[in-house]
Amino acid sequence: MKKLVSYILAFILSVFLIVFIMLELVGNTVLKKEYVLDKIEEINYYEDMHQDLVTEIDDYVEQSGLDEFNIKEIFTEERIKEDVNSFIGWVYNENSLENIKSDLKLEIENKLEDSNISLTQEEKKEAEDAINNLVSNYATIVLYDAFVGLIRDIPKLIIIVNKLIVPAKIVIGVCIGIILGILLLLNKFKGFLKYLGVALLTLGIILVGIKIWFNLGVDLANLFILNKAISNLLRVILNDILKTLNFRGIISIFGGIVLTIISACQFRNN
Amino acid sequence: MPSNLKRIVKATIINVIVALIFGGIIVLAGDLVAGNKIATIVTLVNKMAVKTPELKQVELIFNKEAKKLDTYPLYGTKYGEIKIDSINLVAPVYLGDNNKILKLGVGHYSGSYFPGEGGSILYAAHNNSYFKKLPYVVVGDLITITTDYGTFNYKVYATDIIKETEEDKLPIDDKEEILMLYTCYPLTGIGHKSHRFVVYARLEED
Chain S
1 MKKLVSYILA
11 FILSVFLIVF
21 IMLELVGNTV
31 LKKEYVLDKI
41 EEINYYEDMH
51 QDLVTEIDDY
61 VEQSGLDEFN
71 IKEIFTEERI
81 KEDVNSFIGW
91 VYNENSLENI
101 KSDLKLEIEN
111 KLEDSNISLT
121 QEEKKEAEDA
131 INNLVSNYAT
141 IVLYDAFVGL
151 IRDIPKLIII
161 VNKLIVPAKI
171 VIGVCIGIIL
181 GILLLLNKFK
191 GFLKYLGVAL
201 LTLGIILVGI
211 KIWFNLGVDL
221 ANLFILNKAI
231 SNLLRVILND
241 ILKTLNFRGI
251 ISIFGGIVLT
261 IISACQFRNN
Chain A
1001 MPSNLKRIVK
1011 ATIINVIVAL
1021 IFGGIIVLAG
1031 DLVAGNKIAT
1041 IVTLVNKMAV
1051 KTPELKQVEL
1061 IFNKEAKKLD
1071 TYPLYGTKYG
1081 EIKIDSINLV
1091 APVYLGDNNK
1101 ILKLGVGHYS
1111 GSYFPGEGGS
1121 ILYAAHNNSY
1131 FKKLPYVVVG
1141 DLITITTDYG
1151 TFNYKVYATD
1161 IIKETEEDKL
1171 PIDDKEEILM
1181 LYTCYPLTGI
1191 GHKSHRFVVY
1201 ARLEED
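Protein chains in written order, with our numbering: chain S, 1 to 270; chain A, 1001 to 1206.
If you are wondering where the hints come from, they were derived from the structure by calculation, not from laboratory data. Note that beta-carbon positions come from the ideal geometry of N, C-alpha and C, so glycine has one too. Among the hints, a few may not be true.
[What the hints assert, rightly or not] Using 27 angstroms as the maximum straight-line C-alpha spacing, the simulated DSSO-like pairs for lysine-lysine come out as follows:
#1 S:K211 / A:K1047
#2 A:K1132 / S:K111
#3 S:K211 / S:K243
#4 A:K1047 / S:K72
#5 S:K111 / A:K1193
#6 A:K1083 / A:K1133
#7 S:K32 / A:K1037
#8 S:K228 / A:K1103
[Unchecked claim] Far from chain A, by Cβ distances over 10 angstroms, these chain S residues were calculated:
#9 E123
#10 K194
#11 L242
Construct the entire structure; sequences and hints are all you get.
Shown next as structure tokens:
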């Protein structure tokens, strides 16, 4: 009976450990703005995005006649970096995106005025339509404007999750502590290590198993969502998380085996 | 085997088996709770995986009896060259007419026939690059398409300015081998170009 209870507690302990590790991982990666910005720098996100943007608008600018006004000069990598950082800031609730499109439109219109090329009324109207389309294209590529309906709630979600994550970790930590205490009481030190070993082995098997399942089942290498820049970012973040899971899984398995061996040796001494 | 070692090995094996059973229970529970959602997400992600095919040059073999190509070029590959002496145009011809291809040369609409097949052929290029002088082509001008499987000469018999929606003026059929070249029109001005300048040329049988 004591053995059965101990194994059940070891099982519950392993579940709590898995949840704790996942919360800790998510809290230190995708929920942290600095982590995402670091990854963005790592993969030349701005350069890829700039390339995608230039490819997209190049033909449009030339075909619409706006190339005469050197409009393409406005779309620099520095501008993209600034606007992408603003977008990331918006996702993590640090700023708004209200002025990005209007500032861009104003800059393009000023470029047209500074050129001193005279336009007919009809050409002015055509130019305004062309500029609106250009700004819209820019916002779609850089700010994922077309998906605002889908991503609008992400900032709120991040606030809620960030608020809950620390209390959740505390609660789970307390539960883990209680279970460890009960295990120690039920088994003294002899069996405690054995059941802790089982819990760590289970944790390790699940974590390593997640990585293996992902590698076998998900075609991450060829992932393409929207554009090259965001695809690379998602790929590098997922690979990073999987690598961390794998590493922690291997450490857990190793730790589980070591504790099992020590507990078996303990039995021998008694 | 010493009894200590036996005990250690036995304990380790038991613990590993128990851990595998616990792991299986957790996976099963996870599958029951969120299995469908996870499967849907994985399917979606895999559908979004894009394996870019390697663009190889295919050897083009023309079947003279059937008047058809036995092998066709891959989309996005160059398969020929267009030459119009009257406007000093020499440009590569690619199969396909997306933006990427139109930056590289003249694009062949993949829904039309190939030179020598006896049907209509549709080529496009931008009005600020390869076809910027297309509106200067006149009736009687010669157009030469050179491919690995043959050289084909066409004589211009008409030009026209059509609306972008008038697709019936770019008919794709096998009644006669007509080469149609088109580009956005007018060449200058601001805004969307709602017309196309089209050159129609008939195959000159040797």
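Hint by hint, here is what the structure shows:
1. S:K211 / A:K1047: It holds: about 20 angstroms lies between the C-alpha atoms, which stays within 27 angstroms.
2. A:K1132 / S:K111: holds, 26 angstroms
3. S:K211 / S:K243: Holds, at roughly 8 angstroms.
4. A:K1047 / S:K72: Roughly 34 angstroms between the alpha carbons, so the hint for K1047 of chain A and K72 of chain S is violated.
5. S:K111 / A:K1193: Within the cut-off at roughly 22 angstroms; holds.
6. A:K1083 / A:K1133: At roughly 13 angstroms apart (the allowed maximum being 27 angstroms), K1133 of chain A and K1083 of chain A satisfy the hint.
7. S:K32 / A:K1037: Since the Cα atoms of K32 of chain S and K1037 of chain A sit roughly 26 angstroms apart, the hinted pair holds (cutoff 27 angstroms).
8. S:K228 / A:K1103: Given pair K228 of chain S, K1103 of chain A holds - Cα atoms ~20 angstroms apart, limit 27 angstroms.
9. E123: violated, 5 angstroms
10. K194: Per Cβ check, K194 of chain S is inside 10 angstroms of chain A; nearest 7 angstroms; violated.
11. L242: Non-interface label on L242 of chain S holds, nearest chain A Cβ at 14 angstroms vs cutoff 10 angstroms.
Of the numbered hints stated above, those contradicted by the structure are hints 4, 9 and 10, listed in ascending order.
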